[in-house]
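S.K.: Take a look at the letters that make up each chain.
2 protein chains.
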Amino acid sequence: MTDLTKKGNGLKSPVKNSSKHKPRSNNRLPARRKLSASPRQEETKNKKIPPIGPDTIRIIPLGGVEEVGKNMLAIEYGDDIIVVDAGLQFPDEDSPGIDFIIPDTGYLKDNKDKIRALVLTHGHLDHIGGIPYVMEKIGNPIIYTSLLTAVMVKKRQEEFPHLPKLNIQVVDKNDVIKAGKLKIKFFAPTHTIPDSLGVIIETPYGNVLVTGDIKIENKKGVPEKFEIETYKKIAQEKTLALIADSTNVEKVGFSIPEKEVQENVKEILASVPGRVIVSTFASLFERIIFVIQAAEELGKKVVVEGRSMKTNVEIAKELGILKTKKDTIISSDRMDNYPDNKLVILATGAQGDAYAALMRISSGEHRTVKIRKKDTVLLSSSVVPGNEKSVQKLKDNLSRQGAKIVHYGIAEVHSSGHSYQGEVEWVHKMIKPKFFIPVHGHHYMLRVHADVAMGIGMPEKNIVVPDNGSIIEITDKGKKISRLKDSAGGRIVMVDGLGTGNVKEVVIRDRQMLAQDGMFVLIAIIDMKTGRVRKSPDIISRGFVYLKESQDLLHHVRQLIKKTIEEAAGKMHPINFDYVKNTVREEVGKYLFQKTHKRPIILPVLIEV
Amino acid sequence: MTDLTKKGNGLKSPVKNSSKHKPRSNNRLPARRKLSASPRQEETKNKKIPPIGPDTIRIIPLGGVEEVGKNMLAIEYGDDIIVVDAGLQFPDEDSPGIDFIIPDTGYLKDNKDKIRALVLTHGHLDHIGGIPYVMEKIGNPIIYTSLLTAVMVKKRQEEFPHLPKLNIQVVDKNDVIKAGKLKIKFFAPTHTIPDSLGVIIETPYGNVLVTGDIKIENKKGVPEKFEIETYKKIAQEKTLALIADSTNVEKVGFSIPEKEVQENVKEILASVPGRVIVSTFASLFERIIFVIQAAEELGKKVVVEGRSMKTNVEIAKELGILKTKKDTIISSDRMDNYPDNKLVILATGAQGDAYAALMRISSGEHRTVKIRKKDTVLLSSSVVPGNEKSVQKLKDNLSRQGAKIVHYGIAEVHSSGHSYQGEVEWVHKMIKPKFFIPVHGHHYMLRVHADVAMGIGMPEKNIVVPDNGSIIEITDKGKKISRLKDSAGGRIVMVDGLGTGNVKEVVIRDRQMLAQDGMFVLIAIIDMKTGRVRKSPDIISRGFVYLKESQDLLHHVRQLIKKTIEEAAGKMHPINFDYVKNTVREEVGKYLFQKTHKRPIILPVLIEV
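Chains B and D supply the protein sequences, listed in that same order.
One point on numbering: in my numbering, the residue at position 241 of the first sequence is 241, and numbering is uninterrupted.
One point on numbering: in my numbering, the residue at position 25 of the second sequence is 25, and numbering is uninterrupted.
Just so you know, these hints were derived from the structure itself, not from any lab.
Just so you know, these numbers come straight off a predicted model, no measurement behind them.
Among the hints, a few may not be true.
No distinction is drawn between identical chains; accordingly, a pair holds when it is met within one copy or between any pair of copies.
Claimed, not checked - Simulated pairs of lysine-lysine, DSBU-like, Cα-Cα distance not exceeding 35 Å:
#1 Lys232 to Lys178
#2 Lys326 to Lys590
#3 Lys477 to Lys535
#4 Lys185 to Lys301
#5 Lys109 to Lys590
#6 Lys504 to Lys590
#7 Lys232 to Lys504
#8 Lys389 to Lys251
#9 Lys181 to Lys301
#10 Lys178 to Lys251
#11 Lys562 to Lys220
#12 Lys504 to Lys266
#13 Lys370 to Lys595
#14 Lys432 to Lys374
#15 Lys461 to Lys374
#16 Lys374 to Lys479
#17 Lys504 to Lys374
#18 Lys461 to Lys342
#19 Lys389 to Lys434
#20 Lys504 to Lys389
#21 Lys232 to Lys370
#22 Lys112 to Lys326
#23 Lys571 to Lys535
#24 Lys429 to Lys326
#25 Lys323 to Lys233
#26 Lys389 to Lys220
#27 Lys374 to Lys173
#28 Lys219 to Lys404
#29 Lys259 to Lys112
#30 Lys238 to Lys370
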């Protein structure tokens, strides 16, 4: 009974434009935020993309090149497609209520008979998190990955019991996989999670190399010997195209080596007067393992708090990558048996997530851990863009209770898992690829990465800076790289509750409008014979103003509704309900705006009796 | 007909608790965000605060000590109150739809007869933006401030024509004001806006000194001579209490001097191949003036874009703090008359604000300025926490069009207006206050500031780290500082459209819920005689799922509504409408959650005929 698809009119300044605004344009975009240019929520369907030519290699980033997150890439040659990674992205305030954003796999769906493998580089959610949502669409191909990644994928899949079982083949960095006519090889780059794999796909014209997430362990900017060996080995074969991580390319020099961070963390563990609460990303296996082992060496006990932290510590123990004495990890109930300076609490929540362990500790809501005067809180992580305010709250709450806080802003207690510009440059120089496609990052980051490559001599024509869905082709027997005009998609596919991909722009926009000014439903019963409104109209409103203290406003609105409807309806036989509805929406909208400077979504319900 | 004030039940995990949740608790908190502990939206009223004692100095921060923003401070002695600043704060995603947050002036309202003056330190919104909202409440006291600040306050007041005229007295840094029995003196600290004033209030026991926003101009950590002189002069009198800016105290060392930034900016202006678009905060008068003058020296023309930038350039010209040749500033229509390398565009929007000039330029929507290949965009500003994502979008859009971007992450083209730790320490050492109250910042920042003071020898008992509304008293003839148990307020007072201070928690919470899962209104007409539902129930929904593609769901919900109502109503005479409503809300909520994993706010409307 109401047009559910109507869009806001995008009025910018409600105050200034109030006299000009059109009757039906009561719905407006929120004043302070605009939807990014043409958000699209559906997967691409039935596009007319020309079939791949002979001797052509197609490289299609399906996600991860207009954002940090939802990494996914397809490499196609002849009748075979290899897919690398299937990540997810966490939504921001532009998409309220959305659970995740996943890659647009429309192209793969249309070509699923050609998919020979999904290869996973490592176990972080921006590389594996999309699996439960995309596997069926892309025809449930075999998954090749390392042991730890395989375990993490399986753990996650347990949360989706209705989905078919995954066919995961665990590989070693020295394995060679035949996938159709293509060969897949691996290498072992450094990242913040063990068992990471770089992926090398052999083609007749050279290798296509996908780095995954990498950093280069170094001492003051000099790469470690094992890194040099890894990349020397890669350089023994011709790399036709390098597809490489751009996340940190804006940062000059070399990243802080993880070893240095670990030394600093250990020093803090050794020197604090009381307990230490170490908080970091649960996905930073290397650091978590180190903290537990360092605590053990210092004769301290470790309490693990937070679901994902507990899970990952369990996984690390099961796989033997974490080895501890029987009694190093204790349950929080046993904390009282040890003096404070013998206790390390390893907790999730360094990003200030509302329900994570550290946030609950900071707000005094945690069941067993309460902040004490001599506690030191070590935030061994960076602040993910967008989380600045929640991390600030976290620090405020902790310091209010007397905890001392050490964070990466004041000490080197965190290092990123992604290469800085110096490392990126070094990798390019080692591998000497013919062509280059920067991935993993926002567009500007990819541009900077391209600049870095050009800075060390790569011709501009050998580089393609892609968008999500770009179809990049290497043709002329490996001589030429270009980008098709057609796109394989690159739409924003959202997971919203149980629905995937069916979230329309209008739904998101309505949520934004509701968040700004709320809604206002008015219900009037009209006597069809007389055109009069029976009784006083009813009003339901949420998120607009506090109605209990607005009785006067409500009283006048009721009168206005009655009067407007009766005037509008009185003139016609039969009553044009759409006309009456629009008139009352317009009048009530004007009145409410005049009185409150707010523009709730107004929904008139007219009942005929 | 619906309880409009009902609150959500605060269920944290909707999935886990679905079977336990009560019929009426369909409204839940958004899953990913929780309202900060007890947000309060109303001004404090009628609190029983003990009257001030004889020989007691009260210092009450009314805002700005649990956030960066809405700075306001009251200093009370005997029968006199001096208020310093009346700022506003921009809201974040925790308070959707809110325009501003302002200080809780309840205490001042109750004591307005004692207020002798509102003194303004400088013209930034976090120090003057609250004026239109609080002046009447605090009894329209005389405003004392410098010329530029006075002009900016008047400009802003023009947007509120219904408010009474302000009584502004322009003062010079050497003036002495008698305000009741108190004397107000000033000094001229360095900040990013000219005409800034530090405020010194003389009391019988020594001066109470309010720094306002300050930095110390320096060369490699050595303060400039004029700074040394300013603070030496202050030190000639006894400073009883220092109330000082904590914004940047976490940053070690000295901030980059503005002069150095200006040299770098000028070098960029001189060396670029084409146009330069310089974007910075419109409030950074010093930098804006410098850019225009540097452009003139380099023989370039300046186009000013963006409303606030244009306004502030006009103000600077009017006051004579910006002097240019007649033809240096040109309108954008005349750009084509000059070669690209003779053009500088000065624009708002470095924070990625959707409607600012630079954002419109970046998205191709600007009327006259389109990005060209050789353009250089100079983002001469930092990224305000919370704006990271919009600035990323800005950079992506600009680089997509081929602009070269220079930002403070890669070059020293911005410097903060707030002292770093080294400067803060230097100020403490120069002034040697007896007591210290850190202000301007989140709680953790104030704690760090307190640590800095203790680090150079101040006893902990001489420091009070306040909260908004803390009543700090200096008693025993200036010998003792303490904090009362009573609070003067510190509530979060929101400006929401025309309403100030009447925004209830439930309204904000409803907006958050609406933003997550939308709403679902169902309308059923019940025949009172038979208890049957007439016709098919109507449904209005926004922000939930895309109904056009959910016809099947709607069909089943309609059946469920009819069945549930008839079963519930069929059992009773007369019909208990509340019971029926709750039952149908519960059943529909369960069904929708099962089918979509979303929990819209469900609003049943039952019409009796």
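S.K.: For each hint given before, does the structure comply? Return the numbers of the non-compliant ones in rising order.
M.R.: Result: hints 2, 3, 4, 7, 9, 10, 11, 12, 13, 17, 21, 22, 24, 27, 29, 30 break, sorted rising.
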